[in-house]
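Chemist: Residue numbers (my numbering), protein chains in the order written: chain F, 1 to 325; chain W, 1 to 325.
Derived by calculation from the structure, the hints in this document are not laboratory data.
The C-beta atom is built at its ideal place from N, Cα and C for all residues, glycine as well.
Each hint should be verified, as a subset may be incorrect.
[Said to hold, decoys possible] Reference excerpt, derived from the structure (chain W facing chain F, CB under 7 Å, subset only): (1) His87; (2) Asp110; (3) Asp117; (4) Tyr118; (5) Thr125; (6) Cys128; (7) Arg137; (8) Thr138; (9) Met144; (10) Ser147; (11) Leu151; (12) Pro308.
One letter stands for each residue in the lines below.
Protein chains: 2
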Amino acid sequence: MDIQQIYKPVEADLLRVKETLRKAGAAEGASGHEHMAEMLEHVLDVGGKHVRPAITLLASKFHPHDDKLPVLMGTAVELLHIATLVHDDTIDKAEVRRGRPTVSSLWGKDVALLVGDYIFAKSATYVCDTQNVRVIRTFAETIMELSAGQLKEYMAAYDWQQTRDHYWKRIFGKTASLFSTAAETGAILGDAPENEVQALKSYGYNLGMAFQVIDDILDFEGSQTVVGKPVGNDLAQGTLTLPAIVFMERHPKDESIKAFFEDNGNQEKCQVAIDKIREASNMAEAHRIANGLCDTAKNALNILPISPARKSLLTLADYVCDRNL
Amino acid sequence: MDIQQIYKPVEADLLRVKETLRKAGAAEGASGHEHMAEMLEHVLDVGGKHVRPAITLLASKFHPHDDKLPVLMGTAVELLHIATLVHDDTIDKAEVRRGRPTVSSLWGKDVALLVGDYIFAKSATYVCDTQNVRVIRTFAETIMELSAGQLKEYMAAYDWQQTRDHYWKRIFGKTASLFSTAAETGAILGDAPENEVQALKSYGYNLGMAFQVIDDILDFEGSQTVVGKPVGNDLAQGTLTLPAIVFMERHPKDESIKAFFEDNGNQEKCQVAIDKIREASNMAEAHRIANGLCDTAKNALNILPISPARKSLLTLADYVCDRNL
Chain F
1 MDIQQIYKPV EADLLRVKET LRKAGAAEGA SGHEHMAEML EHVLDVGGKH VRPAITLLAS
61 KFHPHDDKLP VLMGTAVELL HIATLVHDDT IDKAEVRRGR PTVSSLWGKD VALLVGDYIF
121 AKSATYVCDT QNVRVIRTFA ETIMELSAGQ LKEYMAAYDW QQTRDHYWKR IFGKTASLFS
181 TAAETGAILG DAPENEVQAL KSYGYNLGMA FQVIDDILDF EGSQTVVGKP VGNDLAQGTL
241 TLPAIVFMER HPKDESIKAF FEDNGNQEKC QVAIDKIREA SNMAEAHRIA NGLCDTAKNA
301 LNILPISPAR KSLLTLADYV CDRNL
Chain W
1 MDIQQIYKPV EADLLRVKET LRKAGAAEGA SGHEHMAEML EHVLDVGGKH VRPAITLLAS
61 KFHPHDDKLP VLMGTAVELL HIATLVHDDT IDKAEVRRGR PTVSSLWGKD VALLVGDYIF
121 AKSATYVCDT QNVRVIRTFA ETIMELSAGQ LKEYMAAYDW QQTRDHYWKR IFGKTASLFS
181 TAAETGAILG DAPENEVQAL KSYGYNLGMA FQVIDDILDF EGSQTVVGKP VGNDLAQGTL
241 TLPAIVFMER HPKDESIKAF FEDNGNQEKC QVAIDKIREA SNMAEAHRIA NGLCDTAKNA
301 LNILPISPAR KSLLTLADYV CDRNL
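Input sequences plus hints: build the corresponding full structure.
Modeler: The structure is reproduced here in structure tokens:
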């Protein structure tokens, strides 16, 4: 499955989003913020799949509307995503993102903090240009969800007593909130009636949850060469994800994870826990849950008229569930 | 001069702002963000003079309007100020703010980063509640100015080749932009005609510039017991402020500051530079500039009708220029 094929109905608009992002750095230089311009150009000149703006654009395609608005919104959604990456990489002490050195590794944590703040605010200006107050407010609330979600993950590190419920709340905040907003705002700016807005929001929410679950599965399944990180990296860093929670549900008396979290420098205990979590039946259960979320996402689209955009959103859900990268 | 007396015309509204701020932390707990609630309560339960929201409220008082709107905006302006303090304290490694330990000293830099992000977004939700897109956009641009201003200061550390022009741009970003926005948005939401909006914006801009210049003067003039920081702390940290720039303008051949900046661990060289900057004629010139900015702020109000709010804004400008704290 080729992602560009899925994006076909919004190909031209997505190009406009990418072009706006590319030029955003240069614009800052012109307004007297030379240092900021240099750093923005570094951050914005990256690849990536642009899945969030693509969702915004596709969600807008069901009714006649002003084409400019979803492009502005798609730009904002991608910029917001980039701002969170800049701050997350700072917290995680990540050295590399998409093959390039991170802002914090090049210029330090303090600069990364300010550059992230700037991109947050910059993303909001694109939302403001839509002139739609409902969309602007949803966007601000999403930034709150994103930072609260990251804080939850941070505070829950090395806490082995977490349930699925904790996990769902956490990944809603850090991932699904933005997917949900990407779809919802696209629908609103695409002049969709309220029931379709809610359907597309639900699609975005469930797709975002599935996206994060798959990410967390790949962390255990992928080989280091494909994922670029050692297998079980999340657990090693003290983050409890769905495969680990499924394992604990199925083996309530097994204390491997507890043993590692209570002695978290211990590589041997870490490996024992990882090997147990990776056991086939645990991973199958996690996959079953991810597939269920993808199905819920797809079913939410039932009320929408059959169209190329709907077909793309359906295929995108399959793509997310099948991705092995 | 008593600041509460100056705030008299907006006393009731300012109480509503403070009440909203006090309750903001608790509201987060109710929405499932318990950790965030705890940290917000710590950050928001502080004193402070609330000069920025007072400006918003006073600027709104010239025409009949919906009272709720400036209260929402005042709350947003103070929250935004608090968000920048949380991030600035993180960068400056400050241990204490207004007599209380900072977020970064209590919970670490990573948490402070996320809490600051959350407060930025939270402040934006209050602005959204005004439903005024012009005001929302101005607010987003102000966040960009604030972070770009901080970045300028950060990047310019220990650079002795800075002129007044660099200094003006830097302090506009880090301080005057928010004062300007506080006044401008108050005027807009107070239904003022455009010429009065511009007059109040100019008042806010010049008052904010004066406010920062006085801050920078006090850093050299205050005694450690009053200011709570050692005299010349800015210079010691590599930040070149107006008194230092005035000194360099008046003594272009003196290389005391250059000598210290090029050997920045050297306390003796630091003290030599501080003593030279503190010389009476340099400080008198810096004061003259601050007074000029205050006068410009006051003159901007000439076109406004005589009223208690106008009188308060005029007195506030005198208060800012005379403050010795």
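Chemist: Against each hint, give a clear statement of whether it holds in the structure.
Modeler: Hints versus structure:
1. Evaluation of the His87(W) hint against chain F yields a held restraint, the C-beta minimum of about 6 Å falling below 7 Å.
2. Contact between Asp110(W) and chain F, as hinted, is supported at the beta carbon level, the nearest pair being about 4 Å apart and thus within 7 Å.
3. Interface hint status for Asp117(W): upheld, as the beta-carbon distance to the closest one in chain F is roughly 4 Å, under 7 Å.
4. Among the interface hints, the one on Tyr118(W) holds; its C-beta lies about 4 Å from the nearest C-beta in chain F, closer than the 7 Å criterion.
5. Below 7 Å, beta-carbon pairs count as interface contacts, and Thr125(W) has one with chain F at about 5 Å; its hint therefore holds.
6. Hint on Cys128(W) holds. Least Cβ distance to chain F is approximately 4 Å, under the 7 Å limit.
7. The beta carbon of Arg137(W) is positioned within 7 Å of a beta carbon in chain F (closest approach about 4 Å), and the interface hint is therefore held.
8. Annotation: Thr138(W) was flagged as interfacial toward chain F, and the flag is violated, the nearest CB pair being 9 Å apart, outside 7 Å.
9. A distance limit of 7 Å between C-beta atoms decides the matter here; for Met144(W) the minimum to chain F is near 4 Å, and the interface restraint holds.
10. Here the hint on Ser147(W) is kept, as its CB sits about 4 Å from the closest CB of chain F, short of 7 Å.
11. For Leu151(W), the interface hint holds, the least distance from its beta-carbon to any beta-carbon of chain F being 4 Å, beneath 7 Å.
12. The restraint placing Pro308(W) at the interface with chain F is violated, with a minimum CB-CB distance near 32 Å, outside the 7 Å limit.
In this structure, the hints that do not hold are numbers 8 and 12, in rising order.
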